[in-house]
Each structure stands twice: as structure tokens, then as C-alpha cells.
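Just need the whole structure built from these sequences, with the hints factored in.
Read top to bottom, the protein sequences are chains A and B.
Last residue of the first sequence: 318 (this note's numbering), numbering continuous.
Last residue of the second sequence: 318 (this note's numbering), numbering continuous.
Note that these hints are calculated values from the structure, not bench results.
As the structure is a prediction and not an experimental result, all values here were calculated from the model.
Check the hints yourself; a few may be wrong.
Same chains, same label: a pair holds when it works inside one copy or across any pair of copies.
The calculated lysine to any residue pairs, modelled on SDA-like cross-linking and capped at a C-alpha distance of 20 Å, are [to be verified]:
id: 1; residue 1: K49; residue 2: R19
id: 2; residue 1: K293; residue 2: E259
id: 3; residue 1: K233; residue 2: A203
id: 4; residue 1: K228; residue 2: A202
There are 2 protein chains.
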Amino acid sequence: MTVELVQQLLDGDRKALTRLLTYVENGYPEAREAIRDLFPHSGKAHIIGITGPTGCGKSTLTGALARELRKRGRSIGIIVIDPSSPFSQGALLGDRIRMQDLTSDPEVFIRSMATRGALGGLAAATNDAVTVLDAAGNDVVLVETVGAGQDEVEIADTAHTTIVINIPGAGDDMQAIKAGILEIADILVVNKADLPAANSVAKQLHIFMSLDRQEGWTVPILKTIAHKEEGISELLDEIGRHREFLATSGRLEEMGRHRARRQLLTITKAILLGGVLQSVEENGTLDKLVESVATKDIDPHSAAERLIESANG
Amino acid sequence: MTVELVQQLLDGDRKALTRLLTYVENGYPEAREAIRDLFPHSGKAHIIGITGPTGCGKSTLTGALARELRKRGRSIGIIVIDPSSPFSQGALLGDRIRMQDLTSDPEVFIRSMATRGALGGLAAATNDAVTVLDAAGNDVVLVETVGAGQDEVEIADTAHTTIVINIPGAGDDMQAIKAGILEIADILVVNKADLPAANSVAKQLHIFMSLDRQEGWTVPILKTIAHKEEGISELLDEIGRHREFLATSGRLEEMGRHRARRQLLTITKAILLGGVLQSVEENGTLDKLVESVATKDIDPHSAAERLIESANG
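Set out below in C-alpha cells:
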């Protein structure tokens, strides 16, 4: 079944693509099988991460970027990381409306993914979804993420080129500094550049970025007005320039190894824990130790050591 | 050495406290020993998490809350989770200035912690830091976090009462909805309540919160102007009410077990991975498998299985 689905995907079947992404999102065993078969077909797409604080116009910018890419004849997969919560449906709907014209284009595939789930689960699922969209033959995969936490840093590990969006803020001129996400940026965008404080934000960004240089790459700071599609063509040119830099400097290979190591270790941890849990859940040791930690009779570290002993013994 | 340090901490020595927190932050082996000894002395403090989007006035609110707690005679430990980045020093300085008057108070202890480090490392380190401040005899531990990602959700696991701050936003009326952090709130605060859109934000929050009720607890929505210390006394009253609710409803015990389970599993994973890595790093298998994943010769899941086989064989 999975073999067929993989073949259909490689043949360009969108339904197969949709189904595989559902497997990935839900962590079905079929997803693992499919990823194994698709993996050798991946590695050709340019993966672009787009992040920034809430309200910065990420979805609008992603949509505008996708339209510009289509003008240049590229096929695109878009993953919107969507915090799964009773409140997210409005936001999701908003995102979809901003990209509605794109959904009918056969060379554009848009998918929202929920962030609910196990620790580290989002990064793993996102990696797999990128592999699927990459193997499906898309020239570019855009990954749009909300917020500015650990998630974004992990997803920057997946992307070749990470775009961090800033806007003239509410009270603070610089919204993103505190969040510490500037350092993951390969390209900085000041969106809503028609707002009065845009120039001062751009200036501040220039000062901050001068503190933290990537070897051989100066992070460009671009102004856009995404809803008017202004500055988007220039942004895409910079993305192309960054891609060139990665390829010629050897950074692309280095990133590939870094990402491979991280994926490998994340999955290894999950398998190891699964093995231990199976036996200690059955024999009741897990519940007993949880209770002892909760009542402060044993500290969590000593309890973890006992748990592992119990699983091995 | 650690035994002495633990005793000094229990005797109220601030230098010992500072040193232990440094051990925790850097993941020194002494930290583990100390936590083991301190663990039975912890569990008395009320732990309050404070989060919200950047620019919402978290630090100002945390400072105001600390001052109000001092008026009521409580001793306080404050942990400011500080994204470690070349850009964070300004923010950190800002936080410290907002709390400067508090630093000379012997019943207030303020500590910034960096978020750089291993995956899951922040949550583990924060848990340990809370244990240290709790065992040191503080009545209240405030944990202030930046942003709205996975980190905040994990830290909500540590806190008894989580306060999520919103402000009338830039463009969007509601800044936090997309980030999906409303659902971790026990108390919602609309800060900067003197801004024109404050009432409409509070109304929207009321509508959203009516979708997602905690059993037995209606999330209150409070307006504050933190820099004028307005609404802070009311906020502290609500925190007290929430604490009462937790104690009388049995939720406090339930949270303790939940937290114990999570800590136990996180540490178990770290120990298991450490054991595997030691052997596969030495024999070169790890590097070989990373290379094979990077060159797409093997998918990460199959590689993880081989890695574990190699460590066991």
C-alpha cells in the first residue's frame, strides 16, 4: 500500500501527497515506511523558512513570495505550522484566505500542520513533511512558522534560507530582539514598511546585525509591503543570492550534515524511550516512580536511573 | 562540597544560592547531586509563570507583582528566561533596570537564565532552578518567559498559576491568539490598559475564553497598567484565589503528578541517549551514519535503528 502511494507521489499525484502528509502529521507507521522510500528522492528543493512575531504579516508575505516564485516558473510546496488550539481556527482561515488564489494552481501545494503533540514532535514531523514535498519534485518548499520560540530555532535547522520578519512595533520599536530570533536570520525583512517607524527599525537592525556576522554572508535587510506585493521581487533575488552562497561556499553540505545529525539523534531518543516505557508501563514501575517523585520521596534524576534499571532487569 | 553548599542554601545563604543556580544553568554534575538533596525540601512555594508576546510589558509586570508581594510580606525568587543571543544583552539590561529597586531587597532573588543549550534543556534547567529557589524557602517563585513557543508550554507545566499577558496590538487587535498560548492561561491580563483598543481586546478575550473552560475554574481577564502599578493588587488577589482553587479541588496534586511524569521521562531520555552516544561516538558509527543520512543513502529512522544496534552489539 505504502509502496503504491510512494510511486503515485513520485508520479505527481496530489491525492497521494495529501494522504502521505496526513500520515506524517499523525505519526502513523506508514509514514515511516514512506519516508524511508522517499528519502533518496529528496534533497533537490530549496527550503525557505519564514518566521517572525505574530501580526508581522507572515502569511501575506508567504503568499506574495509564492506568487513571485510562480511568475518565475517554480513549483512550490508550502507548510504552515499552525498552533493547534481552539483559537487557531480563525488564524488558519485567515492564512487560507490570504493564499486562496494559490490553492487552485496545480504547481502550488499548501498544507497546515498542527503543533500539538509530543515534545520534539513538531520538528520531526516538519522535517518529514519537507522530505515528502521535496521528493514530490517541488522546486521550493516554504515553511511558515508562528512565534519565536524553540520551534523556530529547530525549523531554522531544516531550512536552507531563513527569513525573519520584523515590523515597526507596538510600543517597542524592535519586536523581535528579545525573542533572540535575529541570529537565525539569513535575510531580514522589515514588513509593513509604509508604517512611520519602518526606517528607524531598519536602522536598528543594521546596528544589531553588525554585531553578529555569518562567515562570508552579510545578512541583507530588506523593506517590503507584502499586501501590496512591494519588495517581493527583490526579496526573491536575495534568496537566490543566498542559495548561490550556500552552494559555492560548502555551507550547503555542512548544513546537510548538521541536520542529519539532529534528525538521527531525535529519532534515536524516541526509539530508546519507547523501548523502556513498554516494559515499565506494563509492570507498574513507571506509575510508582512518578508517584514517588510527586510526593518528593525521590528526585527525578535518581528515579530515572531506577526506571532504566527496572527496564533492563 | 555539594553537601556544604546545600546546607548553606537551606540556612539562607544567598551566595550558595547563586552558585547552585550557576551549576544548574551549566548542567554541572554537582547540580544533580544538589537537586537530589534539595528535592525533599521543595514543594512549598507557589510557582507563578508569566508569559506573553514581546513588548507586552512582562518585565514591568513581573517587577510590579514582586513589589506587591513584598508589601504583603512574601519572599520571592524570580527567574527570567533570557534567550541567549548577542542581542539579548540589551533586553536583559532593560529587565534588570525595571527591577533594580528589588535587587537590594534580601527577600527577593532575581536570576536570568539563558535558553541556549540542548533540546529540552531549558525546561529541565528551569525545573531545577525552581526546585532550588523553592527549597531555599521562598514563598513565591516567579518564572518570566519571552515569546510564545514550545518553551512557554513546557514552563506552564512547571507553574501552578500561569499568567498570559496580552496588549492592544500592532495591526492585529489580538496579538497572542495565533501563538496558541491562551489555552495555557489560568489568568489573562490585558496590560497597557490605557491604550485605546484595550476594551475591545478584553471583549475578544472573553469571547475566546468562553470556548475553552477549565473544569471548575473560570479564567479571569484583568486589566493592568503595569508601569503605573495599576491593577496589580487585584491580579495578586486572583492569583491567591487560583491557588485556593488548586488546593481545594485536588488539581494541585494532579499537577504534581503530571510534572513528575514529565521530568522523569525527560531525564530518562537524556540518560538513554547519553549511554548510546558514548559507544557510537568512540567507534565512529555515529559519524558514519550522519554522513549516510546527509548523502541521502539512508533515511534517519533506519539509521537510528542501526545506531542503537551498534551500541548494543
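Go through the numbered hints given earlier and state which of them the structure violates, listing their numbers in rising order. Structure breaks no hint.
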